[in-house]
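J.: Sequence:
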Amino acid sequence: MTPITRMNPASLPDAGNSGYSQISIVEPGRLAFVSGQVAWTRDGGAVATDLQGQARIVAQNLRAALQALNATGQDIVMVRAYMVDMTPAKIGEVMPHLAQIFDGAQPSLTGIGVAALATPELLLEVELVVRLP
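So for the sequence shown, our numbering puts the first residue at 1; every next one is plus one.
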């Protein structure tokens with residue numbers, strides 16, 4: 001399988017230092033679109049009240065989705081992260097958890113600040129586009 005090409009052209013800000021790429025190029029093939037994952041657990045346990053706790057559960061859910069697809073972080077093409085009241089400090093709390101699922105890859109990433117998510121206790125939602133191996 002052809003690897004995903006990651007680019008940070010000199011004409012754009014260098015996102016590589018932040019752990020993502022400005023552009024990801026994928027050869028034709030099958031893609032999976034992973035619905036936004038939040039801090040809900042399979043067993044219906046209580047939602048963590050802090051952002052890092054939610055980020056940890058979101059990352060676990062994303063890893064489970066990748067495993068179900070027989071994919072790894074290297075296969076992630078695009079990440080969209082929705083965060084309530086997004087700030088640079090909050091991004092700093094979330095990125096280490098996301099970086100763990102990237103498996104060293106630097107997928108394209110968009111961060112979107114929102115006023116609210118599906119339920120009031122949710123602070124973070126992350127969706128993926130994954131090239132199927």
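Treat the hints with caution; some may be incorrect.
Okay, derived cross-link-like pairs now, SDA-like style, lysine to any residue, Cα gap no bigger than 25 Å in a straight line [said to hold, decoys possible]:
hint, residue 1, residue 2
1, K90, V77
2, K90, G113
3, K90, L31
4, K90, A59
5, K90, W40
6, K90, Q37
Hints are computed from structural coordinates only; laboratory data are not their basis.
J.: Does each hint hold? Answer for all of them.
T.: Against the structure, the hints:
In summary, the hint linking K90 to V77 is supported, as the alpha carbons are separated by about 23 Å, within the 25 Å threshold. Among the hinted pairs, K90 with G113 is consistent with the structure: their alpha-carbon atoms are about 11 Å apart, no more than 25 Å. Restraint check: the Cα-Cα separation between K90 and L31 comes to about 30 Å, which exceeds 25 Å; the hinted pair is violated. At roughly 15 Å between alpha-carbon atoms, K90 and A59 fall within 25 Å of each other, so this suggested pair holds.
In summary, the hint linking K90 to W40 is supported, as the alpha carbons are separated by about 19 Å, within the 25 Å threshold. For a cut-off of 25 Å, the pair hint linking K90 to Q37 stands: about 17 Å separates their Cα positions.
In the structure shown, a violation is registered for the earlier hint numbered 3 alone.
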